[in-house]
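> Residues per chain are reported as follows:
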Amino acid sequence: MESLSRRPVYSQEQLSKYVSFLQKRCRKFTLPELEAEIKVDPLAALGRLQRRQMASVPFGSLILHYSQHHTISLDEAALFTKIVDRRMGGYCMENNTFFATILRSLGYKVLTTGARISKAVQSGGKEVMGFVGW
Amino acid sequence: MGTQGACRPIEVKDGQIIQNVPSAEGRLVYQNVAPFTDQNQRLWIFQTRIDKESPWMATFCFSELEFIPEDFEVMNFKTSSSRASWFTYRLVLNHVILDQETDEPIGAMTLVGGEVKRRLHGTSEVVEVCNNETERVRALKQWFDIDLREEEIRGIRGMASDLGK
Numbered sequence: 181m182e183s184l185s186r187r188p189v190y191s192q193e194q195l196s197k198y199v200s201f202l203q204k205r206c207r208k209f210t211l212p213e214l215e216a217e218i219k220v221d222p223l224a225a226l227g228r229l230q231r232r233q234m235a236s237v238p239f240g241s242l243i244l245h246y247s248q249h250h251t252i253s254l255d256e257a258a259l260f261t262k263i264v265d266r267r268m269g270g271y272c273m274e275n276n277t278f279f280a281t282i283l284r285s286l287g288y289k290v291l292t293t294g295a296r297i298s299k300a301v302q303s304g305g306k307e308v309m310g311f312v313g314w
Numbered sequence: 004m005g006t007q008g009a010c011r012p013i014e015v016k017d018g019q020i021i022q023n024v025p026s027a028e029g030r031l032v033y034q035n036v037a038p039f040t041d042q043n044q045r046l047w048i049f050q051t052r053i054d055k056e057s058p059w060m061a062t063f064c065f066s067e068l069e070f071i072p073e074d075f076e077v078m079n080f081k082t083s084s085s086r087a088s089w090f091t092y093r094l095v096l097n098h099v100i101l102d103q104e105t106d107e108p109i110g111a112m113t114l115v116g117g118e119v120k121r122r123l124h125g126t127s128e129v130v131e132v133c134n135n136e137t138e139r140v141r142a143l144k145q146w147f148d149i150d151l152r153e154e155e156i157r158g159i160r161g162m163a164s165d166l167g168k
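So the sequences go chain by chain: U and E. Here the first sequence is numbered in the numbering used here, starting from 181 and rising by one per residue. Here the second sequence is numbered in the numbering used here, starting from 4 and rising by one per residue.
Just to be clear, a hint being listed does not mean it is correct.
Said to hold, decoys possible - Below, a list of computed lysine-lysine pairs in the DSS-like style, where the Cα atoms sit at most 30 Å apart:
| no. | chain 1 | residue 1 | chain 2 | residue 2 |
| --- | --- | --- | --- | --- |
| 1 | E | K120 | U | K299 |
| 2 | U | K289 | E | K16 |
| 3 | U | K204 | U | K299 |
| 4 | E | K16 | U | K219 |
| 5 | U | K208 | U | K219 |
| 6 | E | K168 | E | K144 |
| 7 | E | K168 | U | K299 |
| 8 | U | K289 | E | K55 |
| 9 | U | K204 | E | K144 |
| 10 | U | K299 | E | K16 |
| 11 | E | K55 | E | K120 |
| 12 | E | K144 | E | K120 |
| 13 | U | K289 | U | K219 |
| 14 | U | K289 | U | K197 |
| 15 | U | K197 | U | K208 |
| 16 | U | K204 | E | K120 |
| 17 | U | K197 | U | K219 |
| 18 | U | K289 | E | K120 |
| 19 | U | K208 | E | K168 |
| 20 | U | K208 | U | K289 |
| 21 | U | K219 | U | K204 |
| 22 | U | K208 | E | K120 |
| 23 | E | K16 | U | K197 |
None of these hints come from the bench; they were simulated from the model.
Build the full structure now, drawing on both the sequences and the hints.
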């Protein structure tokens, strides 16, 4: 019986594709180099990968406008196609679900929690206090 | 969170400060939040400020409670489909720009509606203003390297975000 605490992981082939996808907007590196860096200094490797992710995976609402379906899926395969193959980015839950799966696939132990966004951010500074729901 | 989120790991410790996309900074604090009726409960609040002279602004808050995929299904449903959710009526796209030698953030590329802005080393520049869909689709390719399919391009027709032909 599948354990409910298991989370999906990507294959080595998918990780290679992801690394190739990142190359355009960062200093060149390979998957073996990344795996070696993680062994030596996992925190530094994490920070670097996080920035590379943020450079290549845009945050935004693209698919809710430029699509026929106007929906968002958090399925790990759908996210991989959208983010890596199509380079379309995603919004917070998409990009963070995807990146958490990438990190788990690289051997990191990831505890996922949700966040409430501040109304100050949402309102462009007009509302200073308060948060929107999860 | 895009370019407003943390761009490096931050230790979960009250008062921790990190450098964000220059010259912004991020900070984690453990505090009660105004909407709570219980003054004793506290959350981790990630705050940002655009530079050392500006005030800290709350960006998001979280606890250490683990969320499961089913939780995100609920959250995703409202955020992606409610007509009151800004994602559904506003087209926004941004990503961080890195120094290609150091992988450190030096700026950001932003699209809001029809305006494309590039921020580098603290200076913002409007690089393009799109007045119709043809221009914006081309801008998405040029500035964001995104190739839209014809059915995707047509999908925006009639939406609040549609810039017209």
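> Each of the hints needs a verdict: does it hold here or not?
Status of each hint after checking the structure:
Taken as a hint, the E:K120 and U:K299 pair is honoured in the structure, with Cα atoms around 24 Å apart against an allowance of 30 Å. The straight-line distance between the Cα atoms of U:K289 and E:K16 is roughly 19 Å, inside the 30 Å bound, and the hint therefore holds. A hinted pair counts as satisfied when its Cα atoms are at most 30 Å apart, and U:K204 with U:K299 does not qualify at roughly 34 Å. A hinted pair counts as satisfied when its Cα atoms are at most 30 Å apart, and E:K16 with U:K219 qualifies at roughly 25 Å.
A hinted pair counts as satisfied when its Cα atoms are at most 30 Å apart, and U:K208 with U:K219 qualifies at roughly 19 Å. Annotation: proposed proximity of E:K168 to E:K144 holds, straight-line Cα distance about 17 Å (limit 30 Å). For the hint pairing E:K168 with U:K299, the CA-to-CA distance comes to about 34 Å; that exceeds 30 Å, so the pair is violated. About 34 Å separates the Cα atoms of U:K289 and E:K55, which puts this hinted pair outside 30 Å; it is violated.
As the CA atoms of U:K204 and E:K144 are separated by approximately 14 Å, the hinted pair is consistent with the 30 Å bound. The suggested pairing of U:K299 with E:K16 holds, with an alpha-carbon distance near 23 Å, which does not exceed 30 Å. Between E:K55 and E:K120, the direct Cα distance comes to roughly 23 Å. Compliance with the 30 Å bound is thereby established for this hinted pair. For the given pair, E:K144 sits about 15 Å from E:K120 by alpha-carbon distance, which is consistent with the 30 Å threshold.
Distance hint between U:K289 and U:K219 is fulfilled; the C-alpha atoms sit about 14 Å from each other, no more than 30 Å. The straight-line distance between the Cα atoms of U:K289 and U:K197 is roughly 22 Å, inside the 30 Å bound, and the hint therefore holds. A hinted pair counts as satisfied when its Cα atoms are at most 30 Å apart, and U:K197 with U:K208 qualifies at roughly 14 Å. Between the alpha carbons of U:K204 and E:K120 the distance comes to roughly 20 Å, so the proposed pair stays at or under 30 Å and holds.
In summary, the hint linking U:K197 to U:K219 is supported, as the alpha carbons are separated by about 21 Å, within the 30 Å threshold. A hinted pair counts as satisfied when its Cα atoms are at most 30 Å apart, and U:K289 with E:K120 does not qualify at roughly 37 Å. For the suggested pair U:K208 and E:K168, the alpha carbons sit about 39 Å apart, so the restraint of at most 30 Å is broken. Proximity of U:K208 to U:K289 is assessed by CA-CA distance (about 26 Å); at most 30 Å being required, the pair is judged to hold.
The hinted pair formed by U:K219 and U:K204 meets the criterion: a straight-line CA distance of about 25 Å does not exceed 30 Å. For the hint linking U:K208 to E:K120, the alpha-carbon distance of about 26 Å falls within 30 Å, and the restraint holds. About 35 Å separates the Cα atoms of E:K16 and U:K197, which puts this hinted pair outside 30 Å; it is violated.
When each numbered hint is compared with the structure, violations occur for hints 3, 7, 8, 18, 19 and 23.
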